[in-house]
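So the protein sequences, as listed, match chains Z and L.
The first sequence: position 24 = 24 (our numbering), numbered continuously.
The second sequence: position 453 = 453 (our numbering), numbered continuously.
Source of the hints: derived by calculation from the structure; they are not laboratory data.
It is possible that some hints are incorrect.
For identical chains, the list gives no copy identity; a pair is met inside one copy or between any two copies.
No more than 25 Å apart at the CA atoms, straight line, and that leaves these computed lysine-lysine pairs for BS3-like [said to hold, decoys possible]:
# : residue 1 : residue 2
1 : 64        : 271
2 : 271       : 165
3 : 399       : 198
4 : 271       : 198
5 : 165       : 92
6 : 239       : 124
2 protein chains.
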Amino acid sequence: MRLLLALFVLTLNAQVDPRSIHEWRQARERALLSEFIPLVEIPNRASDKANIRRNADLVHSMLKQRGVSSRLLELEGAPPVVFGEISTPGAKRTLIFYAHYDGQPVDPREWTSPPFTAVLRDAKGQPVDWENASVFDAESRLYARSVSDDKAPIMAILAALDAMKALGIRHQANLKFFFEGEEEAGSPHLEQFAKTYKELLAGDVWLICDGPVHQNRQPSLYFGVRGVTAVELTVYGPKRELHSGHYGNWAPNPAMMLSRLLATMTDGEGKVLVAGFYDEVLPLSAAERQALLAVPAVDEQLKEELGLVNTDGSGARLVERIMLPSLNIRGLESAGTGNSARNVVPAKATASLDLRLVKGNDHRRQVEKLRAHLRLQGYFVTAQDPTDDERRKHSKIAKLTAREGYNAVRTSLDLPISRDVIATLRKTYPNLVLLPALGGSVPLWVFEQELQTPMIGVPIVNHDNSQHSFNENLRLANLWEGIVTMATLLAMP
Amino acid sequence: MRLLLALFVLTLNAQVDPRSIHEWRQARERALLSEFIPLVEIPNRASDKANIRRNADLVHSMLKQRGVSSRLLELEGAPPVVFGEISTPGAKRTLIFYAHYDGQPVDPREWTSPPFTAVLRDAKGQPVDWENASVFDAESRLYARSVSDDKAPIMAILAALDAMKALGIRHQANLKFFFEGEEEAGSPHLEQFAKTYKELLAGDVWLICDGPVHQNRQPSLYFGVRGVTAVELTVYGPKRELHSGHYGNWAPNPAMMLSRLLATMTDGEGKVLVAGFYDEVLPLSAAERQALLAVPAVDEQLKEELGLVNTDGSGARLVERIMLPSLNIRGLESAGTGNSARNVVPAKATASLDLRLVKGNDHRRQVEKLRAHLRLQGYFVTAQDPTDDERRKHSKIAKLTAREGYNAVRTSLDLPISRDVIATLRKTYPNLVLLPALGGSVPLWVFEQELQTPMIGVPIVNHDNSQHSFNENLRLANLWEGIVTMATLLAMP
């Protein structure tokens with residue numbers, strides 16, 4: 001009986017055929033969208049307690065509907081983690097699928113349609129009445145915050161479970177699902193979740209279902225992510241905004257001071273001039289160097305797509321550039337511009353920076369290097385708005401505050417689990433792209449350090465999805481292929 | 001009979017005594033505030049057609065109530081000018097009093113109390129229930145947009161007319177009042193008003209009732225204003241905002257490009273490095289140099305008040321600095337900061353600049369110098385967002401748009417009218433401060449060029465009034481003294 005069952009399972013597994021999954025999906029695209037859309041229409045900023053819980057509850061019930069043993073993991077002050085589990089008798093391995101259901105902030109004024117009202121648009125940007133359509137152009141895109149980052153993988157996993165059941169494809173490994181609700185806020189409780197639920201979260205690999213596939217749209221795997229830390233830098237002028245006629249030319253202008261200060265930080269070609277910025281970077285392994293060389297070229301396509309002639313790094317390829325730490329100005333603000341401009345000498349000017357880190361960097365040390373740089377430029381560096389006394393003592397004052405950051409992770413391409421995952425996906429996708437690291441950041445150090453479990457990234461969404469920005473979107477073809485990708489991994493031994 | 005009347009007039013004029021005017025005012029401070037407050041509570045952005053007309057109508061009716069022959073001067077598309085006239089038989093001179101009833105934009109979120117709800121606060125910042133008070137501390141301040149800039153002079157003139165009537169002080173000159181409604185929008189129709197109403201606006205001097213008194217709070221006159229032109233400078237990165245993890249370090253960052261570009265514009269000490277920026281500046285006359293030297297020193301007091309250790313110009317005095325053209329960053333914007341920060345490479349970054357001009361500069365030429373500077377820095381300069389084709393051709397693209405500006409004006413201190421106005425006010429104020437020019441800008445070139453009439457500035461408001469910024473305020477002592485100043489000038493021969 002046991003033998004017969006095992007044979008049956010093997011027979012079933014032989015059915016993991018992309019074509020049959022695509023056929024299954026083609027017959028029910030509208031049903032998939034009508035399950036997905038209510039999920040992306042719930043606002044999902046991590047700090048929005050009420051809505052973030054509505055997201056968690058919905059994901060939880062979507063798992064339960066599929067018979068997945070599911071629960072909410074709770075920690076004081078944290079959005080719940082939606083945790084699901086499928087145990088497989090005789091499994092040799094436990095695969096943990098990670099995704100997050102929270103999203104970046106939105107400024108609705110920037111969006112073409114409201115960020116939490118899902119709109120499907122065809123390849124020409126025309127809205128599609130999806131509820132009354134039966135066939136969808138795979139180049140259509142669904143627009144909403146987090147439709148790509150990172151609710152699409154959740155939907156793809158759930159649909160893959162449906163497809164496997166319908167097509168009789170059995171899973172062979174133990175499967176766990178870990179969907180967190182504060183990744184875009186820096187996952188401040190992830191470490192504590194790992195510590196608190198250590199046994200529950202034991203497994204052989206974390207499959208990080210987040211981030212976009214390679215820009216050539218081919219299925220991809222990534223084996224690392226950059227770390228990140230964000231700092232806010234404010235430079236001070238006069239105590240109050242001044243009339244720029246009466247005082248301009250005499251009162252130091254903080255927007256000019258900030259511009260000059262920022263200009264000292266790079267060479268204008270993307271090389272960061274902060275002392276020691278590139279120290280501590282761990283060199284690439286032979287396998288990583290080889291993988292990098294094999295990554296299909298996309299720079300020229302991307303430059304055309306993004307309207308760029310030159311890129312930072314004197315023409316080095318994007319895949320090489322993301323193997324280095326970065327210093328990025330993510331925002332600037334001082335008084336007003338455009339219709340809000342007033343003739344003033346501003347009282348202060350602020351730059352928000354994000355520092356991306358690679359393996360070997362430490363997020364706190366990286367901020368310290370920046371702090372030292374500010375001092376080298378003659379600034380008194382404080383963590384608060386300056387006091388009158390500090391203003392009397394220092395002509396250049398900068399406030400530097402850092403959000404708690406985290407370090408990079410890079411899983412060796414040579415680990416057995418790395419090789420197995422690569423081999424499994426390559427059967428379905430001979431053109432699978434292997435990226436030693438993704439440029440983006442997820443706090444995966446927790447899995448590496450707290451749980452001693454390697455991570456491998458399984459992206460499914462389109463690279464041109466405007467994630468983190470306005471008009472975030474998901475290309476339907478990516479969701480459809482994502483279902484195949486997830487089914488392939490859910491079924492792996 | 002004629003002789004008797006003349007003698008009577010002379011007798012009456014002998015009554016121009018500051019003390020009696022102050023006594024008259026002390027008895028009716030609440031009444032003055034209750035007339036003034038409804039005026040400052042009408043929103044007054046020049047582009048707000050409905051409200052700007054409500055302002056004009058109210059000022060018009062306030063003049064009429066005083067028996068001043070008054071009318072609205074209209075031009076297509078322009079807020080009306082409130083024009084009033086008092087003819088005096090046998091007058092040797094016509095004095096034209098200028099003020100403006102429109103104001104700068106407001107961002108209500110920045111204000112402590114709503115910008116169009118007048119609030120009186122005592123010297124400690126505590127609200128005063130003015131409707132139920134009978135005595136006011138002169139150090140109290142009234143808070144509202146335009147309470148200082150520039151509705152206070154209108155109120156002071158009207159109150160001065162009341163005081164003169166009550167105290168039997170007769171005017172000797174012909175008096176005209178010209179209150180415009182789009183000064184803060186750059187007075188785009190002032191030239192056309194001057195051309196259209198040339199005869200109506202004939203006179204011997206324009207008394208410009210705008211701007212603050214010297215920072216030592218002494219009564220002041222100014223004989224010029226800087227010109228101004230505002231430009232908006234936008235620098236472009238990728239066509240759309242990009243995820244800073246996936247693309248940061250590779251996609252050129254427009255906020256960094258803008259910072260580097262701005263940093264090339266000055267030497268960090270306030271000296272503008274744009275080629276030719278200081279050419280064409282007209283040297284000061286002997287009388288102007290002498291007046292500058294006699295201006296009471298306020299720099300140390302101001303630095304303490306504003307929390308500054310150093311000032312631009314290597315320690316040169318404020319009064320000297322405003323005799324030079326300036327380049328001021330009045331605003332910066334790129335993506336978001338603080339709570340609105342997102343991890344992106346912004347698509348663009350914008351700086352709003354105002355260039356102040358002195359006698360000899362031309363506003364169009366000054367913008368051309370800046371445009372040439374951008375080109376020298378390798379930028380392709382356009383007036384629109386770049387096309388795809390332009391993006392393919394140029395790695396550095398800047399959009400530069402200039403609001404129509406205007407030139408500076410400086411009236412000679414040696415003109416007979418200058419000497420007469422100085423002498424008249426010096427009788428009341430022996431400590432009168434003479435400023436060859438104010439740092440601020442009013443398009444007074446129109447009076448000089450179109451009407452061939454000199455201007456003299458009569459400021460009354462406090463320098464620390466936060467004009468153009470949030471929490472604009474008027475120190476009551478300045479309004480009270482302003483009534484005396486206006487009465488003195490209204491009564492001059």
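Right, here's what the structure says about each hint:
{"no.": "1", "hint": "64 / 271", "verdict": "neither (50 Å within a copy, 68 Å between copies)"}
{"no.": "2", "hint": "271 / 165", "verdict": "neither (52 Å within a copy, 73 Å between copies)"}
{"no.": "3", "hint": "399 / 198", "verdict": "neither (39 Å within a copy, 55 Å between copies)"}
{"no.": "4", "hint": "271 / 198", "verdict": "neither (41 Å within a copy, 61 Å between copies)"}
{"no.": "5", "hint": "165 / 92", "verdict": "within (21 Å within a copy, 103 Å between copies)"}
{"no.": "6", "hint": "239 / 124", "verdict": "between (51 Å within a copy, 18 Å between copies)"}
This entry does not satisfy hints 1, 2, 3, 4, going by the numbered hints stated previously.
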